[in-house]
Every structure is written in C-alpha cells, then in structure tokens.
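Take a look at the letters that make up each chain.
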Amino acid sequence: DQQVKQNSPSLSVQEGRISILNCDYTNSMFDYFLWYKKYPAEGPTFLISISSIKDKNEDGRFTVFLNKSAKHLSLHIVPSQPGDSAVYFCAATEYGNKLVFGAGTILRVKS
Amino acid sequence: GAGVSQSPSNKVTEKGKDVELRCDPISGHTALYWYRQRLGQGLEFLIYFQGNSAPDKSGLPSDRFSAERTGESVSTLTIQRTQQEDSAVYLCASSLEVGVGYEQYFGPGTRLTVT
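For the record, the sequence lines run as chains S and U. Heads up: the first sequence at position 62 corresponds to 62 in our numbering, and the numbers run straight through without jumps. Position in the second sequence (first residue = 1) + 111 = our numbering.
To be clear, the hints were calculated from the coordinates, so they are not data collected in a lab. All residues carry an ideal CB built from backbone N, CA and C; glycine is no exception. Incorrect hints may appear among the rest.
Ranges between beta-carbon positions, derived for each pair [what the hints assert, rightly or not]:
id, chain 1, residue 1, chain 2, residue 2, range
1, U, Y213, S, T26, 21 to 29 Å
2, U, S164, S, E42, 27 to 35 Å
3, S, K5, U, V211, 16 to 24 Å
4, S, N27, U, S120, 46 to 54 Å
5, S, I20, U, T124, 35 to 43 Å
6, U, S177, S, G60, 38 to 46 Å
7, S, E58, U, S177, 37 to 45 Å
8, S, P40, U, V123, 37 to 45 Å
9, U, V123, S, S12, 29 to 37 Å
Required output: the full structure, derived from the provided sequences and hints.
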C-alpha cells in the first residue's frame, strides 16, 4: 500500500521553462513534506520542505505547493536548468523521523 | 566537513550468506537511519537510532535483518541468510536530532546484489 505516490515516472522539459513534479499521499497524519534530489551513484540530497500549516514554500528557483484537502503537493522549478536533471523524490513524515518516499520522477532538462 | 560515508560501495554475495554493511554518520549527529531502495521503487524505511534510546525497528522486513549502533557513531546493518529479494541499494542517513525540520543527510549507499 503506497502512502506516497509519484505517478509520473519521467518528465522532459526544455531549458528555461517550468518543471512541475507532482506527488499524492493518502495518510492524513502526515504533516511535513520534503523533496529530495538524487544524482546517479549518490545519496538523495534535501531540496525543500513544507509544513502542513503552510500551502507554499519558496527557495530560489524552487517552490513547493501543498493542497491538504486534495492530499497533493507539487514542486515547481523555474527556470529549469540542465543541471536540474536528476531523480526527484517526494517524501512525507508524521513526526520527522521515518520518511515515507514516493518512487521518484526522472527529470530531464534539455538544452 | 565530511558527510555520511558507507562501506562497501558494492557487495555481491551468494544466496544464504550473511552480509554486514557499515555507516559512518556525520560527527555530532544523534540520529541515524537505514533505508533501502529496490529497483524502480522509492526509499523504504528500515530502522532508526536516536541517542541512547531503543531503536525503532518497525521497518525491518524480517528477523534476518538487524542493526547496531555504538553510541553516536558507527552503525552496522546485518542481513543473515541473504535472499535474492534482499538485492537493493541500502542507504544510511543521519540528522542532528530527530524531528520535523531536522534534515536527514544521506550517504551514497551500498549496492547489494544477491546471486
């Protein structure tokens, strides 16, 4: 039973355009959400997070939106750059200890 | 400063053998986590340690899996009588404390292949 789902296995975007990665969750007890980025042969690195009391958090080119009623979050990258090409994982947690991850979305930014 | 390190980076073992995977967390981090990632799937929580508290083992898939941590330093994950379904990348992470807002820093992982 997947509690966190990323339904798009891959996404291809032109350099300079917006990348939108989506994530859905089922457990209403989750109250903190994170996005991690992973390059091949490396561990995931933290990108941005959002608490359930907010609906938006912004950090430079990265913005995460949370829709609690729909149990949906999205990551926007504007403008997309070739170096953003990686696997992006959505994760959720109730207490900040165990992270529950989605299966990931491969983002390819074409120059 | 040094990040989380794991060894070995790759391990190939025969079905039925025991394996030990090692994790060196970031110095000063009180919390240490183990996850695994099977091919095409997301990371799956296995176990975490917080200071001297009893570890949360709720994610361990079977009693063939165990982990230890010495104080706030090195941790080893042991898989006994390995099976082919144990093949995965095993990732270790550490954080300053446990809780919302304390980022988990991941190591590069150990790729385990059971033949």
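*Which hints, by number, does the structure contradict?*
4 and 8
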